[in-house]
Amino acid sequence: MKKQLVVIGNGMVGHHFAEQWMASEMAADYELHVFAEENQRAYDRVHLSEYFEQQSSAHLQLGDDGFYALPGIHLHLNEAVITLDREAKSVTTAQGQYSYDTLVFATGSYPFVPPIDGRELDHCCVYRTLQDLDVIRASAQGATRGVVVGGGLLGLEAANALRMLGLEAHVVEFAPRLMPVQLDSDAGSLLRTKIEDLGVKVHTEKTTRKIIPGDEQRLRMCFADETYLETDLIVFSAGIRPQDQLAREAGLRLGERGGIAVDQHCRTSDPSIYAIGECAVWNNQQYGLVAPGYTMARVAAAHMIGNVGTTFTGADMSTKLKLLGVDVGSIGDAHGATPGALNYRYSNEIEGVYRRLVVSADGSKLLGAILVGDNSYYDTLLQYALNGIELPEYPESLILPESSGTGAPSLGASALPYEATLCSCHNVTKGDICEAMNDGAVSLSDIKSMTKAATGCGGCAAMVKTVFESELEARGVQVDKSICEHFSHTRQELFHLVKVEGIQTFDELIERHGQGGGCEICKPAVASILASVWNEHVHETKHLPLQDTNDTFMANMQKNGTYSVVPRIPGGEITPKMLIKIGEVGEKYNLYTKITGGQRIDLFGATLDELPLIWEELIAAGFETGHAYGKSLRTVKSCIGDTWCRYGVQDSMTMAIRLENRYKGMRSPHKVKMAVSGCTRECAEAQSKDIGVIATENGWNLYVCGNGGMKPRHADLFATDLDDETLIRYIDRVLMFYVYTADRLQRTSVWLENLQGGLKYLKEVVIEDSLGLAEELETRMQHIVDTYQCEWKTAINDSEKRKRFRSYVNASEPRKARIQLIEERGQLIPARMITEEEVA
Amino acid sequence: MNAALTASLQWQNVCHRKDLVPHSGIAVMLGKEPVAVFWLPGHDTELYAIGHTDPFSGSEVLAHGILCESQGIWSVASPLYKQHFRLDTGRCIETPDVGVDVWAVRMEQDWVQIGKVLIG
Chain A
1 MKKQLVVIGN GMVGHHFAEQ WMASEMAADY ELHVFAEENQ RAYDRVHLSE
51 YFEQQSSAHL QLGDDGFYAL PGIHLHLNEA VITLDREAKS VTTAQGQYSY
101 DTLVFATGSY PFVPPIDGRE LDHCCVYRTL QDLDVIRASA QGATRGVVVG
151 GGLLGLEAAN ALRMLGLEAH VVEFAPRLMP VQLDSDAGSL LRTKIEDLGV
201 KVHTEKTTRK IIPGDEQRLR MCFADETYLE TDLIVFSAGI RPQDQLAREA
251 GLRLGERGGI AVDQHCRTSD PSIYAIGECA VWNNQQYGLV APGYTMARVA
301 AAHMIGNVGT TFTGADMSTK LKLLGVDVGS IGDAHGATPG ALNYRYSNEI
351 EGVYRRLVVS ADGSKLLGAI LVGDNSYYDT LLQYALNGIE LPEYPESLIL
401 PESSGTGAPS LGASALPYEA TLCSCHNVTK GDICEAMNDG AVSLSDIKSM
451 TKAATGCGGC AAMVKTVFES ELEARGVQVD KSICEHFSHT RQELFHLVKV
501 EGIQTFDELI ERHGQGGGCE ICKPAVASIL ASVWNEHVHE TKHLPLQDTN
551 DTFMANMQKN GTYSVVPRIP GGEITPKMLI KIGEVGEKYN LYTKITGGQR
601 IDLFGATLDE LPLIWEELIA AGFETGHAYG KSLRTVKSCI GDTWCRYGVQ
651 DSMTMAIRLE NRYKGMRSPH KVKMAVSGCT RECAEAQSKD IGVIATENGW
701 NLYVCGNGGM KPRHADLFAT DLDDETLIRY IDRVLMFYVY TADRLQRTSV
751 WLENLQGGLK YLKEVVIEDS LGLAEELETR MQHIVDTYQC EWKTAINDSE
801 KRKRFRSYVN ASEPRKARIQ LIEERGQLIP ARMITEEEVA
Chain B
1 MNAALTASLQ WQNVCHRKDL VPHSGIAVML GKEPVAVFWL PGHDTELYAI
51 GHTDPFSGSE VLAHGILCES QGIWSVASPL YKQHFRLDTG RCIETPDVGV
101 DVWAVRMEQD WVQIGKVLIG
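Heads up: the protein sequence lines correspond to chains A and B, in order. Quick note: the first sequence, position 183, residue 183 per the UniProt record's numbering, numbers continuous. Quick note: the second sequence, position 106, residue 106 per the UniProt record's numbering, numbers continuous.
Just so you know, the hints here were simulated from the structure itself, not pulled from any lab data. None of the values given here were measured: they were computed from a predicted structure. Heads up, some of the hints might be wrong.
Within a straight-line C-alpha distance of at most 30 Å, the following computed DSSO-like cross-link-like pairs (lysine-lysine) qualify [to be verified]:
| hint | chain 1 | residue 1 | chain 2 | residue 2 |
| --- | --- | --- | --- | --- |
| 1 | A | K760 | A | K499 |
| 2 | B | K82 | A | K559 |
| 3 | B | K18 | A | K581 |
| 4 | A | K711 | B | K18 |
Pairwise CB distance ranges (calculated) [what the hints assert, rightly or not]:
| hint | chain 1 | residue 1 | chain 2 | residue 2 | range |
| --- | --- | --- | --- | --- | --- |
| 5 | A | P576 | B | E46 | 23 to 33 Å |
| 6 | B | Q71 | A | K499 | 44 to 54 Å |
| 7 | B | T89 | A | T541 | 47 to 57 Å |
Quick look at which bits of chain B chain A covers, simulated, 3 or more residues with Cβ under 8 Å [what the hints assert, rightly or not]:
| hint | stretch |
| --- | --- |
| 8 | 16-23 |
| 9 | 56-69 |
Every residue, glycine too, gets a C-beta built ideally from N, C-alpha and C.
Kindly produce the complete structure, drawing on both the sequences and the hints.
This is the structure:
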């Protein structure tokens with residue numbers, strides 16, 4: 001029989017341990033049993049408040065779906081361990097008894113609720129698990145105000161959650177300032193001002209004596225200073241305590257203030273039992289962050305397989321986060337507790353930023369730092385502190401704003417030692433990155449998949465990118481961002497030049513900013529930029545030679561040199577009469593006909609000469625071009641919505657048709673697909689589209705930057721419950737910002753993944769208008785909408801443009817014989833390649 | 001092009017100047033042969049004529065590719081699989097043992113003429 005390994009707890013750390021274990025060579029010798037108290041598998045607790053944003057927990061889940069289905073691993077959900085018998089080496093749950101050879105505690109912690117009278121009343125909640133969030137959400141029904149007890153890191157997260165539920169949020173803190181552990185009083189009061197500006201009310205130095213039923217609202221909190229505050233619900237977030245009850249009952253040694261005591265291998269006083277994460281204490285210290293928990297998980301797993309070299313001897317508790325949209329960072333000895341420590345402070349109340357450096361007595365080393373309002377300084381300062389790097393002659397330069405406005409100074413990646421930890425979630429050092437490059441990593445995504453760097457909290461993404469690029473350069477690989485040999489610019493730079501200098505043609509652009517004659521890379525890219533900015537017909541003489549063949553002939557060239565034709569069918573809605581017309585045209589020109597994935601019809605096998613004839617008939621019947629040939633909006637897929645469907649909650653058809661008609665013809669860096677679903681059943685598969693819209697009872701949820709294709713990506717939830725007009729405005733802005741800033745042939749998914757600051761940044765730009773660009777983006781989109789023309793309609797009415805559609809300019813008919821077709825299932829498809837003799 | 005050779009060519013009108021598209025190509029029939037004619041107005045050599053059939057796909061598409069310049073050498077990128085064919089020699093840049101035929105071509109009183117003796 002295989003040996004038994006039992007893990008109690010399936011939180012973030014327990015899950016990380018399971019992953020580490022399953023990847024080890026000893027995994028095959030053991031059966032791994034994981035017991036979870038909660039009814040779902042491990043999820044990301046750090047981003048818990050996103051549960052309200054996204055209305056679902058799916059995106060918070062950790063690990064691949066298949067992980068707990070691996071052979072040798074058994075996940076017991078909703079099955080808490082009740083007793084531990086160390087002598088018999090077994091654990092008991094409500095379902096049965098399980099023996100173990102090795103046991104791991106990963107029970108985490110529980111929220112501390114201060115012993116206040118009335119804390120057991122209804123609508124007093126805690127903030128720790130998804131279930132807690134469900135309770136809070138239920139309690140928020142019919143409530144107008146919510147109070148969080150505790151102004152620490154988690155308390156402010158909870159306040160954000162209350163705000164997202166539409167409540168007036170209050171924070172009650174016992175200490176004189178917010179986040180007393182991480183911040184000093186200047187930083188705390190600046191943070192307070194900032195979050196009060198967001199509508200969160202802060203009450204400091206308040207001790208709650210008791211909670212009683214309220215007069216105006218459900219509850220009344222009575223404070224020690226005789227004042228009171230009424231509220232509809234209370235969330236306690238006054239700290240966490242190690243979940244050590246089972247260990248205590250089993251007689252394991254505990255820390256002075258609780259928690260399961262462990263040694264440097266994360267082993268408890270019982271050599272066959274380990275404890276990791278927040279339930280464990282090392283040197284009487286609990287580590288309430290995920291990164292040290294992950295380290296413990298790795299150390300325990302290493303020790304079990306006989307590797308005693310990796311040890312846990314404390315962890316860096318530096319943190320960087322965005323609380324209610326405010327940057328807050330705290331590094332090392334933030335309060336200057338080290339004897340002889342000296343300080344540098346920079347405070348700017350106008351811009352709302354505060355930075356403090358704590359340095360060693362001789363001014364040579366960075367001991368700690370505090371940041372409020374701008375975390376761009378964090379990465380560099382953390383590297384100084386963690387790696388003991390010698391400070392520059394004037395350390396204040398690290399926190400002073402640069403007069404040139406270039407922002408935070410950054411420590412050159414080359415100055416970092418090999419062992420510098422870049423990603424603390426997955427313990428990836430600069431050395432690991434270099435090794436991955438030795439093993440063949442050539443892109444940032446290679447680095448991410450090979451080392452897992454920047455795939456945890458993502459806070460190190462910018463740093464990892466910098467190190468990667470600097471290593472590339474050090475290895476003599478030129479990191480060339482030019483689009484091709486004719487322009488030493490990125491697409492984004494070219495876009496900017498065209499817009500700012502009012503450049504109208506390729507010749508003008510290459511004369512002023514490029515060299516040579518252009519190529520198949522820069523010509524279509526510039527054509528797309530010119531179209532995005534000026535929106536002229538692709539057949540203007542000056543633009544014609546720039547276009548890809550498909551754009552030139554406004555059809556999709558197929559492998560035998562013939563073309564396919566795709567009329568626009570907005571939202572997939574089509575009258576029987578129009579459907580018949582497509583059938584008639586297909587039959588007349590003997591075209592192979594197929595329904596596409598985008599809810600329209602593709603007609604294959606047309607020669608150049610036939611294209612204008614086909615379009616003449618289609619346009620007369622009321623069709624427009626479908627832009628299937630362009631880097632532009634393809635289709636807006638839709639379900640039938642509430643017009644017919646008994647489940648529909650909004651009119652998805654009308655919205656899809658409106659979107660398709662609005663954005664048709666818009667030229668973009670790559671193709672753009674959209675979809676609208678009429679309810680949460682999501683029949684239109686909107687979450688796999690660049691722009692996805694899903695109806696809710698109250699409006700529309702907007703998803704952005706998904707795609708199918710070679711590397712599918714689920715779209716991210718961008719905004720919820722939007723009305724029609726706001727939805728359109730946000731889509732205008734997202735799309736135009738994409739058109740402004742993306743690389744050539746970069747889908748929105750890759751664009752977002754490469755956008756510094758990612759989804760949050762995009763939200764800031766689009767929703768909060770942080771760049772002041774919103775109006776310009778909308779205006780430019782409106783210009784494109786207003787100047788839309790059906791390119792085929794313009795072309796067939798212009799005899800000069802029609803001249804382009806000749807298979808041979810000196811022969812009236814194409815030699816159809818050269819295009820050999822055979823019949824299959826009642827339609828014509830291309831035959832094998834033909835020889836000259838056969839033609840003759 | 002060498003003068004003696006030029007003299008031995010028999011020139012045939014294939015199209016008018018108005019049929020050409022600046023900085024791009026058109027297809028003409030030369031007897032039974034489809035030929036791509038490219039026009040680069042303002043350059044040292046303004047006209048090129050090469051085979052229209054893409055040897056990789058066997059399809060008649062080369063006249064519709066995008067014209068590319070690299071270090072002074074002009075080529076056309078096949079619209080199907082994007083290989084480059086030199087306009088002056090017909091050679092495929094990526095796979096030099098593959099190529100297309102090349103013809104002499106000139107403009108005579110607004111008529112585009114192709115020389116009927118193969119020089120490729």
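So, going through the hints one by one against the coordinates:
no.	hint	result
1	A:K760 with A:K499	26 Å, holds
2	B:K82 with A:K559	12 Å, holds
3	B:K18 with A:K581	36 Å, violated
4	A:K711 with B:K18	46 Å, violated
5	A:P576 with B:E46: 23 to 33 Å	54 Å, violated
6	B:Q71 with A:K499: 44 to 54 Å	31 Å, violated
7	B:T89 with A:T541: 47 to 57 Å	29 Å, violated
8	16-23	holds (count 4)
9	56-69	holds (count 11)
In summary, the numbered hints that this structure violates are 3, 4, 5, 6 and 7.
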